[in-house]
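Peer 1: Chain B: place on chain A using the hints.
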Amino acid sequence: MSRYAFTGALLFLCTSTGFAATPYDQLLEDEANGADWLSYSGGYRSERFSALAQITPQNVSEMNVIWAYQMQATGLSGAGLQETTPLVAGEIMYLTESPSSVTALDTRTGNLLWHWRPDIADEVLNIGFPRINRGVALLDDSVFVATLDARLFALDAGTGAVRWETQVADNAVGFSLTLAPLALDGKIIVGVSGAEAGVRGFIDAYDSTSGELLWRTYTVPAPGEPGSDTWQGDAWQTGGGSTWLTGSFDPQLNTLYWTTGNPAPDWNGDLRPGDNLFTCAVLALDPDTGAMKWYFQYTPHDTHDWDANQIPVLVDGMFNGRERKLLALANRNAFYYLLDRESGEYLLGEPYSYQTWAEGIDANGRPIVLPNTEPTREGNLVWPSLQGATNWFSPSYNRNTGQFFVPNRRMGAVYYKADAEYVPGTPFLGGGEQVLDGDNATGAIVALDVMTGRQQWEFELQTPPWSGVMATAGGVVFGSSNEGIFFALDAATGNPVWNFNTGAHIRTNPMGFAVDDQQRVAIIGGRTLFVFGLE
Amino acid sequence: MHHSRLILKVCCLLTALAMSSVLQAQNIETFESPILAMTEIDLSQGQGLFQVHCARCHGMQGGGGEGPALSRPRLTHAPDDQALYAVISQGIPGTGMPATWAPRPRDLWKIAGYVRSLGRLADEAMPGDPVIGRAVYESKGNCASCHILNGKGKGVGPELSEVGLRRNADYLRQSITNPDADQPKLTTQSRGTINSFLTVRAVSEYGSFEGMRIYEDEFSVQMRDLNGRIYSFEKSALSSYERDFGHSLMPGYGVILEDTELDDVVSYLMSLKGDAR
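For the record, the sequence lines run as chains A and B. In terms of my numbering, the first sequence opens at residue 1 and continues consecutively. In terms of my numbering, the second sequence opens at residue 1001 and continues consecutively.
Hints listed in this document are in silico derivations from the structure and should not be mistaken for laboratory results. Predicted model only: the values in this text are computed from it and were never measured. Wrong hints could be hidden among the right ones.
What the hints assert, rightly or not - Reference excerpt, derived from the structure (chain B facing chain A, CB under 10 Å, subset only): (1) Q1051; (2) V1052; (3) H1058; (4) G1063; (5) L1198; (6) E1218; (7) S1220; (8) F1233; (9) Y1241; (10) R1243; (11) F1245.
Backbone N, C-alpha and C fix where the C-beta goes; we use that ideal spot for every residue, glycine too.
Isolated chain A (complex conformation) (with noise of 0.2 Å):
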């Protein structure tokens, strides 16, 4: 029998038997098994490592692409830009293409299994990032996926048949969901983007059968509200404090961990005195009440759009003698954050990147803000620029070792203070930025001891980059660069052993999975997702 015929055997009889079925109890084994790719990060501790061992420092340069997939065009304006994190549940991998769709493949070959395009309007508002999406949710026999339009849709995963769909919040303001779901038992968590609108920001959960809406828990308090202090007039209503990435969920703890961005207008705090919470801030709720059980603010009256999402992995381990759970954060203002995941402790904040703004971080967890290094009329240069040390794109955390990787930008900007107005569904910035780009600016994936935040090894990158990075327990560490070259590092030393030219941009995550037994490793270049194996 050959092989295409095998395959194709063995998908009718797994499609008859519940096939791609994934269950809240493979959700909670995701990070060990290998072989799938069930969530976003690849687990919910969002360590996003593949426990696959088969390719290590020394055999990584044999790896060969196994097959390609080309993106399709949507013919909506500005939809290109990928950054998506294909999941793979069994033998079908689902995958996000720009804006919103979704779309299965079959994990042998590559081939089409179905596509399932939203109708989305070319007037759709996108303010302050682009027409892009990162990934689905998978439960049970669904696939989640939000989109640019501010919906959520519970897709067969089968066949792409829509189940039910919801309005998540209003577009024409300029609400608009980027990420990818959280499926939680039972339940799908999203947040919003929004915040250069003047939002004012939320989490939701949905049930995952039916679609109705179970809680609601916004990021900026209304007045009376915990935290409402920390706001003056009317501002909480255009607030901001969006919560466009995915977070995390420790299932023992029963507490989902998600983070929050900017507060509005970016640039102009002077129309928000305050710290602004919750903004710029690691929430922890109740996953069945949404109800905030503690909260660290990362950047207090944050004026440099240093939006806190970037991703909040989950960390055991000894600290200072005790063992602790902990929640590590490399965050886009250029710390280096641990804090207990428990009680929200702050434990500690250290530099990982070249930045100009802060002394250091008080024993309170907070910023000791440098003067004159809030934006201004005339402008002023700061480290980082508003994309901060690092951005949305995933870190790793390989718990073997104890190493966080990070892929960082080493630039600087020289940012501008201006008017604001909010008008409904349009900017509400106060300002902007010119960075120093080209050759002033460079980029690195940087290792560091999860426990102190010191670097043990940096591979430096000719630009800034905008992709994340994936350990592996065979030793390695997969990156990109925005010159699209996909490269595996050797953990332990930093050294380059092996790189692939995509020929084009790369703004995505690496992820890894098994095709009957054989590791594969996938990334997208451009239009163009690649799987790379040993064969």
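Peer 2: Frame of chain A; chain B shown alone:
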């Protein structure tokens, strides 16, 4: 006349988006760019809108950043004002350029007017005689040994057929007398604005090489030497690799040309506006 008035009345009722369609439809007969009639106040308002809507990527002065520099007379995706309006209002498919969601078409036109003003150099008086300058360019200057102009010459340095559209007299004089001071930039989507004639030096097992960088990534570099030969090196195979930011491979002509000859060559370059094509 009656028909025109009716159109005018209908226009007043149309939404912002529909108005742009009407403006495009006018092109079927004659299109007069609203930019032509703009006042300094319009352009100033356009600058304010630009800083809110565009500067995030294109820089507060339009000098580029995450997006390309716009202080150029000819924009790749906007050969005319209508195309520029379309780019601003609708974005550019397949790139990072989104649609600009200003509320009203007249605001979008003000942004377009300001963007055009960034690339419009004031008419300057020429310091010398462009006809004599051309003769110096072709004889004593030997400029064609490195520059292509209207299809003639050697492609080592920048192409000069439209240099008068992009550069003013001071910049041209500096480029001739002190080329180390600045070099032309190239804008790429992923890398921002980079020095496109950066001097690089590489030493490999085959010898030492000096030239101008064409492209560079983490693992390799491509360069062109003064003879126009192109080289590609794996960085890991080089015993040394150097980027010389303050140095141009073009010689300074301040000691070669007389002051009047400099004025004449500057004038000749100022006169080059692509008209010969």
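Peer 1: Which numbered hints does this structure break?
Peer 2: 8 and 9
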